[in-house]
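Colleague: Listed below, chain by chain, are the residues.
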Amino acid sequence: MITTLSAGLSIGAIYAIVAIGYNIVFVASKVFNFAQAQFLMIGTFIALDAGARYGLPIPLAILLCAIVGAVIGALEEILAIRRLAGKGEHNELVTTVGVSTLMAGAALVIWGPEPIRTPYLTGLGQIQVFGSAVGVIDLAITAIAILLASGVAVVTRRSMIGLASLASSEDRDAAMLRGIDVKRMALGAFVVAGALVAATAPFVGAKTYATYHLGDGLAVKAFVALAIGGFGSYLGALIGGFIVGLLEMLGARFLGSEWQDISVFVLLLIVLLVLPKGLFGRTKERVV
Amino acid sequence: MTVKMSYRKFVRTPFWILPIALAAVLLVLPFTGVSNGTLRIIVSIALLSMLVVGLNMTFGYAGELALGQSALYAVGAYFAGYLAIHQWDLSLTLIIGIIAAAAVGIITGIPGIRLGSWSLAMVTFFLVLLVPKVAQLIPEITGGAAGLSGIPLPVLFGQKLDSTGYYMLVIIVAAIFIALLRNFVTSRHGAALKVMRESPVLARSLGMALPRLKLAAYMVGALPAGAAGALFAYQDGYISPGSFAFTVAIAILASSIIGGSESIYGAIFGAAILTIGPLRTTGVQEYSLLLFGALLVLGGIFFTGGLAGFLNKVIRSRFVDDELLPDVEAALGAPLPLEKVNGQDLEITDLKKAFGGNQALGGVSLSAKAGQVTALIGPNGSGKTTLLNIVSGFYNPDSGVIKIGGNHVTGFKPHRLAVAGVSRTFQSPLVPKSMTVAECVASARYARRRTSILADMLYLPSARRARREDREEAIRLLSILGIVEHADRRAFDLSLGMRRILEVARALAGDPALILLDEPASGLDESEVETLSNVIRRVSAAGGTIVIVEHNFEMIMSIADQVNVLHLGSIIASGEPQSVRNDPDVVESYLGKAAREQLERELAGGDK
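Heads up: the sequence lines are chains A and B, in that order. For the first sequence, counting from 1, position 34 maps to 34 in my numbering; every step adds exactly one. Adding 1000 to a residue's 1-based position in the second sequence gives its number in my numbering.
It is possible that some hints are incorrect.
Incomplete in silico selection of chain A near chain B, CB under 8 Å [unchecked claim]:
hint: 1; residue: Gly55
hint: 2; residue: Ala106
hint: 3; residue: Phe223
None of these hints come from the bench; they were simulated from the model. Since the structure is predicted, the reported quantities are computational estimates derived from the model, not experimental observations. Idealized CB from N, CA, C, for every residue including glycine.
Modelling step: build the complete structure from the supplied sequences, incorporating the hints.
Modeller: Rendered as structure tokens:
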């Protein structure tokens, strides 16, 4: 049982990492970046090349993943989002799905269709917790998600740049009048989210392997995490991620592996119906 | 120099003959010796067109992205395939495939649409990922990962169809669905979707229940997906989860973008381009994701409107002039008086509203009588707009009672208030860009006189009658208010002053018990204010109840029967215009203490 729970937490942590990425971008620019999960997918391939081809030590691999994530994030914002300013959400839906598809397509062409094992942290083994075997990598990934969520939350609440991002999400025009460069905030958010999400890939890849369609499932489940936790809340993203991961593992264990995704889907429908603002979401009134 | 077609002729030209002619040509094609390979491609285009035209309902017309068309396609295909293996007739498998897709559509649509923006996209995307999982869950029905094989050739009403028969069936079913969906988007429901997409606030104030409207569009779009799936099951006699992968969902979206999401026939272009291009050439399969991704990014940025939108624009601007239509000319020749407006009394008691710690309204009581203009004035931040937004339902009051014609309407949602007779205008007029003036006015009648979606899709006499009456009523009101010559112009091209009058006409079209005017004179010049004042006087003289929020003091003095002055969320004076004008409290709130003292000196001097 404890083995199932720890596996659920670590899977949930991966969803939480992507959900945190969604949030960083969403808070600063009100854009939902459908492609966010693909940054983790690309990251696993970068980690693969960094280790298997160039033999880099893990800190350098993390750095390399972060740089690639940052660059792709910047490109996405400049090429697919910024040009839309004023045309509305309708087109963002299309272009971010497009970027996501491009990233998956690029991975397929470059690295091929087969899942490949990433080289880092593969032999970490297991430790005994209350008599059950728990993977060390599971604990590590869970810890990373918790650190990431609390770190980003603290930076958002305490630093000038974090407050500026909150301000521009609250009221874009007022933030501009206060001298906040809203455009640079948006670009910065895509870069930071891309870098942070991709940087976790050397760890995550040890569990998921590198495969070009890794992002599909991650994208929806991270969205479920966000729907549970509430858009804009980092604590919510973390808790939502854990709930999804645990449900998935428990569903697989007690109902059978085919039920793993179906149970999450049912949860999503229920959450959207009965908890539209999520656990930690906020509401707004003014419309006219 | 091109010769322009008259607008009169353009409106009357039956352009729908073109697609019917296309279908007719396609139907005789098998008898002209065209190869089976070509016919097979045409079948693929027809099936993809059905999926795309369905997506266009949700994405192009309702403004919600759905990625699950391929999953609904799968649902239709598996149901039809399974039943066909068990010797069911195609007439039944087709209908059951459609119903099954619609059922899955409703289960995903209700939660997905409730939150708006990304939730429908994600719920439906999830649905696509679930197709192989569900197939594995019930392998005895779906054949699991290996797929469902042995689906026989279709049997329609007991007759076995050969491949030519199958081909003709696909063309006919596709043509029927495209016609049904075309009727849907040109109906009043389509107009309501247009309003909603451009301004949800306006749509709600016109009595449209947005989630229901979006769900309707999504359901209408699910039908052809189910039908296409059911037909697809027979194409090779074999289906597997691979036929409905995410790539298919992306290809559908890309076709929609290329052809133009807000169009019907564009779906056929888009489907044809994608089928003849990337989907057929197997050598580029590895690159198909890259290609689709690039198409989506470029299409989303540069190609809004797609091919259909582009053609439409070119034809309208190059080949059509703006001659008046006959009914407009007739209305111009014989201006009408405004008959009766069925205004009701508005009674507001002790209304309170706070935003956080800011008490915007601190117990306001107010009444407005039918046949009168009741004005609400006061400095900025005094609570006028808050009051208006509460009466039209956009804010919920903290306490207090609102009655219209004696009926409680406190706390009603905007669309329910609209149905109860509340019509309003906006500080900056809300006129949808893509609608004509007459269409704008007619859109207010949507919630008052319902027509069923089915009647509209089948273009039944009731739908035709409703459409004709909408037009007649719009022309009548525009003619009464003196702007009928602009009836068929784009509403967005009107001057600000005329847009305000258009908003009054739209308010009247809803048969209003109460008309709320939100700063209608701001930004108008003197003669425009005079025209608007005349319109307002005529409406109130015909029995309308008018509540007007306005800064233009002179205008209020000339048209109002009752004036209420708000200051910091409370009414400090009310009465006839002249008495309010000389009220010391009012003068102080507007002009300061010195002005009050001067007024009091003057009044004292006058008494001597």
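Colleague: Hint by hint, work out which the structure violates, then give me just those numbers in ascending order.
Modeller: Of the numbered hints, just 1 does not hold.
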